[in-house]
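> Protein chains in written order, with this note's numbering: chain A, 9 to 771; chain B, 5 to 154.
These are calculated hints, taken from the structure and not from any lab test.
All clues given are correct.
If you want a taste of the chain A side facing chain B, the calculated C-beta under 8 Å gives, among others:
1) Thr228
2) Thr300
3) Trp301
4) Asp710
No farther apart than 30 Å at their CA atoms in a straight line, the calculated lysine-lysine pairs in the DSSO-like style are these:
5) A:Lys230 - B:Lys146
6) B:Lys118 - B:Lys15
7) B:Lys96 - A:Lys109
8) B:Lys146 - A:Lys617
9) A:Lys734 - A:Lys122
10) A:Lys760 - A:Lys623
11) A:Lys121 - A:Lys383
12) B:Lys46 - A:Lys656
13) B:Lys118 - A:Lys230
14) A:Lys264 - B:Lys46
15) A:Lys273 - A:Lys258
16) A:Lys617 - A:Lys734
Each residue gets a CB set at the ideal place from its N, CA and C atoms; glycine is no exception.
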Amino acid sequence: MKIFAPFQKKKDSNISTEIFSASRRDFLKVGGLLTGGLVLGVSFFSCNEKGKKIISIAPNVYLQIGSDGVVTIVAHRSEMGQGIRTSLPLIVADELGADWKNVRIIQAVGDEKKYGNQNTDGSFSIRQFYKPMREAGAVARLLLIRAAAQRWQVPAEECDTENGKVLHRNSGKKLDFGELVEAAKSLPVPAITEIKLKDNSQFNLIGKETPIVDLHDIVTGKAVFGIDAATEGMKIAVIKRCPVIGGAVKSFDDTKARAIPGVIKVIAIKGPGLPATLRKPLSGVAVIADNTWAAIKARDLLEVEWDLGPNATYDSAQQIEELKQEVTKNGTIRRKRGNFQAAKAAAKKVIDHTYVAPYLAHATLEPPTALAVVKNDSCEIWACTQNPQGAREAVAEALGFQVDKVRVNITLLGGAFGRKSKPDFIVEAALLAKESGLPVKVQWTREDDIHFDYFHALSVQRVVATIDNENKLSGWEHHIAYPSISATEDAAVLQPSDGELGLGATDFPYDVPNINVTTHDAKAHLRIGWLRSVRNIPQAFAVATMLDEVAEARGVDPVANALELLGEDRNITFNEELVKTTYQNYGEDIANYPWETARMKEVIRRVAKESGWGKSMPKGSALGFAAHRSFLTYVACVVEVQVDANNKITIPNVYYAVDCGLAVNVDRIKSQFEGGAQFSASLALKSRITVKNGQVEQNNFDGYQIIRMPESPGQIHVHIVESAAKPTGIGEPPVPPFTPALCNAIYQATGKRIYTLPIDLAT
Amino acid sequence: MAKYSIQVNGKKHEVDVLEDMPLLWVLRDIIGLKGTKFGCGKALCGACTVHLNDDAIRSCSYPISAVGDAKITTIEGLSEEGDHPLQQAWEKFVVPQCGYCQTGQIMNAAALLKKNAHPSAQEIEQAMQGNLCRCGTYNRIKAAITAAAK
Numbered sequence: 009m010k011i012f013a014p015f016q017k018k019k020d021s022n023i024s025t026e027i028f029s030a031s032r033r034d035f036l037k038v039g040g041l042l043t044g045g046l047v048l049g050v051s052f053f054s055c056n057e058k059g060k061k062i063i064s065i066a067p068n069v070y071l072q073i074g075s076d077g078v079v080t081i082v083a084h085r086s087e088m089g090q091g092i093r094t095s096l097p098l099i100v101a102d103e104l105g106a107d108w109k110n111v112r113i114i115q116a117v118g119d120e121k122k123y124g125n126q127n128t129d130g131s132f133s134i135r136q137f138y139k140p141m142r143e144a145g146a147v148a149r150l151l152l153i154r155a156a157a158q159r160w161q162v163p164a165e166e167c168d169t170e171n172g173k174v175l176h177r178n179s180g181k182k183l184d185f186g187e188l189v190e191a192a193k194s195l196p197v198p199a200i201t202e203i204k205l206k207d208n209s210q211f212n213l214i215g216k217e218t219p220i221v222d223l224h225d226i227v228t229g230k231a232v233f234g235i236d237a238a239t240e241g242m243k244i245a246v247i248k249r250c251p252v253i254g255g256a257v258k259s260f261d262d263t264k265a266r267a268i269p270g271v272i273k274v275i276a277i278k279g280p281g282l283p284a285t286l287r288k289p290l291s292g293v294a295v296i297a298d299n300t301w302a303a304i305k306a307r308d309l310l311e312v313e314w315d316l317g318p319n320a321t322y323d324s325a326q327q328i329e330e331l332k333q334e335v336t337k338n339g340t341i342r343r344k345r346g347n348f349q350a351a352k353a354a355a356k357k358v359i360d361h362t363y364v365a366p367y368l369a370h371a372t373l374e375p376p377t378a379l380a381v382v383k384n385d386s387c388e389i390w391a392c393t394q395n396p397q398g399a400r401e402a403v404a405e406a407l408g409f410q411v412d413k414v415r416v417n418i419t420l421l422g423g424a425f426g427r428k429s430k431p432d433f434i435v436e437a438a439l440l441a442k443e444s445g446l447p448v449k450v451q452w453t454r455e456d457d458i459h460f461d462y463f464h465a466l467s468v469q470r471v472v473a474t475i476d477n478e479n480k481l482s483g484w485e486h487h488i489a490y491p492s493i494s495a496t497e498d499a500a501v502l503q504p505s506d507g508e509l510g511l512g513a514t515d516f517p518y519d520v521p522n523i524n525v526t527t528h529d530a531k532a533h534l535r536i537g538w539l540r541s542v543r544n545i546p547q548a549f550a551v552a553t554m555l556d557e558v559a560e561a562r563g564v565d566p567v568a569n570a571l572e573l574l575g576e577d578r579n580i581t582f583n584e585e586l587v588k589t590t591y592q593n594y595g596e597d598i599a600n601y602p603w604e605t606a607r608m609k610e611v612i613r614r615v616a617k618e619s620g621w622g623k624s625m626p627k628g629s630a631l632g633f634a635a636h637r638s639f640l641t642y643v644a645c646v647v648e649v650q651v652d653a654n655n656k657i658t659i660p661n662v663y664y665a666v667d668c669g670l671a672v673n674v675d676r677i678k679s680q681f682e683g684g685a686q687f688s689a690s691l692a693l694k695s696r697i698t699v700k701n702g703q704v705e706q707n708n709f710d711g712y713q714i715i716r717m718p719e720s721p722g723q724i725h726v727h728i729v730e731s732a733a734k735p736t737g738i739g740e741p742p743v744p745p746f747t748p749a750l751c752n753a754i755y756q757a758t759g760k761r762i763y764t765l766p767i768d769l770a771t
Numbered sequence: 005m006a007k008y009s010i011q012v013n014g015k016k017h018e019v020d021v022l023e024d025m026p027l028l029w030v031l032r033d034i035i036g037l038k039g040t041k042f043g044c045g046k047a048l049c050g051a052c053t054v055h056l057n058d059d060a061i062r063s064c065s066y067p068i069s070a071v072g073d074a075k076i077t078t079i080e081g082l083s084e085e086g087d088h089p090l091q092q093a094w095e096k097f098v099v100p101q102c103g104y105c106q107t108g109q110i111m112n113a114a115a116l117l118k119k120n121a122h123p124s125a126q127e128i129e130q131a132m133q134g135n136l137c138r139c140g141t142y143n144r145i146k147a148a149i150t151a152a153a154k
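In isolation and in its complexed conformation, chain B is listed as follows (with noise of 0.2 Å):
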């Protein structure tokens, strides 16, 4: 066990924690933020995708040890009223099936799209591979991260 101050959504927080828990469990069962979810635990399906400085990276296998003074944003803290564009333009498209998958799918949209901010097709779908969707909503995804890029 040892002791981190991390910061999320521009609030700190003291954890006292094994050094090697991942990001996503120090998130959902210490600091009690559940909209980044578990998927997979080994960075293969993105429903935990977090923001760590303007990276998106997957919570599940990023141990707390690693986190040191960077910024963590979470789907709760991408928007202050849930209206960024890429969440604006989800709900225009009426994006989710079960729902289970889209906040690791717009954290990751948000990140592609603070690093390129017109994405081609091409680059929507080489940055969205990892980021797994079972009910297979990927044509919405495309289409509303598109139109939020515009």
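Extracted from the complex, chain A is given alone in its bound form (with noise of 0.2 Å):
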């Protein structure tokens, strides 16, 4: 059974791994380029604005100085909002010691030899470059030390950085970065055994609140996206795609379509079929045409005959219908632990619910969008991806170039959670200008990004809890039925990978004697993806709304029953459980990043503490409780909800606790939370996709709905534990405790418990 890409350790240069991997060997040899002579020691020439000549070094391929004391950090991983533009350059410029305000960010091109792996997502960034960030900030801050204390006939052990300046600590004397540009030329750059990393109390950017490098730019519309890309003599192309997924292009008539004015092409793109893979466009007609409402009117004017393919009887409400009955069947085992028939026997009480979610579509506020020029065998693209170099693969695939034939620069994303690291619509761009020989923008509209979304999939997950004489959780039979993410590539999957069921799932964490983790079959009718936190989302709903309804059912408070179940502070494999797998703890060695109870603890006590869990409340108030690892990052979350008597909900507080390890842009941090507990709220409450006659019936945001400001949760209250471990991300981790808090205090307020996703208390 294929793994769930994105936490896949690379094996082979098969594409589909190559695009989501993110991989020991790239961390390594991202270190490697330290000491491994690639571009060691290179000094160069620019001209400033006012055309005065600057020299510059870059002791590695992460930072120049120039002779200006300009420190050019090169951020090469993708914004999409999480703030890594500023997190991770931040991180080289306090090691260096530079100043802040002297610091200017460029953006990488798509290059794994040189930047290692650039694919952003799975809340990689902090943990995989945090330290080869550090060293690469080392390096030069040793190198221009060297330099000075040179000049100044001193030992460099006497010598230090600070504000852009090296110090002289027994004399006073001071140089400007820029004025040791010169000499430091001429040395060697120092090896990463030279390095001495600086104590955590040395630290100005690190742990503090250091707002986002390109936050003027965002505030006055200069700031540049996927879609303000350009270029001389640029086209716009939109696409009417099969709207059944696997079918495909018959036959079509553009006449209405090539009357509009400025309509330049109409040109066919052929589609993969089934499976639809990860990395393909679909089967469609595209139109280019001068500007963009010429082409999405001319699009809309299309007459194409389909041949809409096996998926075109598909209904979503039918299948979920399927899959309740099949959770009710024997399945397929992943984790095994004592005898669960056997506790189910001999149980007191026994509770059993199916929890269902629904499809869920990312909807980036920027559709997708994609520039791209093909000169002979050549093709620059510009486009909003978290993958560069996926996208650069794909690309060169698809148009039969070298790899080192396409460039991929990237924009600011407006928006991503996992849709942009899929390249179907740069690929849709780049085979469009190789066949009209003109440069292309491919624009999705938002009915587009809605139809033909790399979906979260529906859930259906069945669990049963069993509570013995002693009136302990004696037995966990966790049934699970969702079509994999694997199958977008390989048709023939039908049931999770072990990946997917790893987040959430097959790491349960609690100590309950009798556990089994049951997978079911689940056909993939759509192109399935993943969504911010993917399956921690339905996998947290179904363990911790449970859970509430087993601290019920036990007479225990819902925290006390958590702490008492995580049981002593351990670290957790769950390997010795896992049936024919290891457990994948989100691609890291489980020796590294143990699964530690005590954290889990930590952030569940501290909550606690900050919600003042436990208070009485007014009619129609109640707190809700859930707790949940993800990416390695330990989050504890109590919301607070009111439901009115016309079964309005409102949640006028949130609290999180988090332990990311050592906390890097603490603001980030926060608004990363602010922002999940938004997310989450949305899925929640609002979100759903729904398939017939195998077509997505959603449109855009009427039917697919995501919050608004006034139903939005109100204060947000963030709780980062002081910690010195290593750190991890926040992107996702947010996401999916704050889902069943809410149904957790949903049922406090009103006693109507939540199976099903979005919540609807009218039915």
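Mind assembling these two chains? They're in different frames, but the hints should get you there.
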């Protein structure tokens, strides 16, 4: 069975894994770059705006220091709102001792050999690049110190850097970085073994709040997103795609479309059929026009006859009903501990519920868009991509070009959430640019985006919990059925991958003596992808709402219940109980990032304290609790809800406690949690994709709703546990626990348990 | 196709476009003002918000033929130096995450403050409900508007 790609360790050169892996090998290679000598000691000339000649040194691929004192730091990961264009460079700058006001950020092109892995998903960036960024800064710091020490004829050990200067502690002498560039140019770049990293107490930027570097450009409309990319002679393409996944264009009539002034060409795109793949465009007909409006209008006038293919009868409501039956049967056991059946037979009480969650669309506010220019055997791309290296390879494959003949420039991403790690829309632009001989920007409309997303799969999960005569939770059986992401590449896949199950199902951490995690067949009929926190969403929903019911059945407070069930302080590996696999732990060695019950208990106790857990609440108001570790980050959440007589739900307060190891940019950690609560509130209360006759029924933000300001959660309180542990990501971990905490709060306020998302109190 | 003369950020522009071309695409594709964003094309998300005289409108659903002599203001024309009180407040509270919706949010808020210099929390929520933010920056938007209105 294929493993869910984002967490797969790279094994071969197959493009699907090339695109989505983030491996140890890459991590090590980045470290290697610092000693490996690719660009070591390179110096070069450029001119500033006033035409003054600037000499620069580049001690490694991530930074340059100019004789004007400007430190240029390369942002090699994609910015989609998580703040990484600020947070990784500030690590380099802090270790270097740069003056942050004199730091300039430039965005790298997609180049794995140079920068290591650039696929920005899986909450990887800080986790994987914290240390390489510090090393990059430390190498440059030592180089500048040596240049200054030589000039001053003092031992390097007596020198330090601060605010863009090297200083000699004993004499108080100072030199700007810029004044040392000429001297540093002729010195060997220090080896990684020679550097000494700063002590955490010396940080000036790490652990503080630093505003994002693009802030002023964003609020003045100058920030360049994918949609803003432009080049000389650029034309716009809008595509009519086959409404059913796996279908194809049979024939088309473009007479009416061509009558729209501004239309230049109409070109059919061949689709992959089934499987739809994670990288290829769908079958469709593209209109290329002088401007976006002409292209949209003409696209809508195309008359296309489709061969809809085998998915044309697919009905998502029917599949949910079928899966509800499926999860009552014996499935495939994926984790086994003890003897669940015996526990069930001996139980005093058995709680048995089925949890249903719908398809979700990413609905990034910037729809997919990409610009391609093809000249002879080379192609240049500008796109809002999370994965420039994957895009590069997919474009090269589609055009039959060498990978090094494809250049991918990364713009800002107007939201991504996993959608923009797929290069299908970029390949569309490349194919149309090659075929037409014109620079082409492909623009998806909102309807295109809602209809043809790589959807977060619908899910049916059944949890059976047993309570024994001693009032203990004696058994836990978790049945799971949803179309796997792997099925998008391999149609034969019918069950969740080990990677998907490791997102909150097989890594169930509670110390219950008898556990089964069991999977069932569910066929994929759409392109299935990953959405912010992925399968943690439905798995945390099922697990954490059932635990609330278990607490109630035991007559124990839900927070006390969770603390008790987590058991002794211990590190869990899960491996001995997993069937034919090991725990993937988000691609990290469990020895380096263990599942630590002590850290989870700490965030639970913290959130209980901060939220005033246990306090009495007015009628119609209540608190609900859930805790969940994902992407190696520990999160506990308490949601306060008010439900009025008309079932109107208001969320005045949300409390989070998080342990993400060492906090790098505190403001962006808070903002990700604020946004994560809103994101989860959308899926809990508003969002649902349904499919009839193989076609998505929602079209735009009227049918597919996301939360708006008046109904959005009010105060979101984020409490970061002080920690010196290795830093972990925060883009996704806020999402999973919010929804079950909200459902548990609603139960306390109304007496109604939630088993189906989005929440509908009227039914 | 038809010729129109429109006034954007105090400057006249002559354009020759399809009569039903939404103002959004005239601004972005013809005039080259790209701070105004495309989000839905159906006036459902507010990313394309600009001012028509003093009113906030959704430029994605406002045909060029309806603009007439009205003065259009986009994010590029909201302030000379990018220092409108709302832009300053947006920076103070570090409102944006991805930033894509924020120019529409700011333009919508600016129209609100023109009509109601001291809106209540509820008035802010009502006025801003047409502007979606998928990143979920609503609370900082509220804080920034409240601060700018003081």
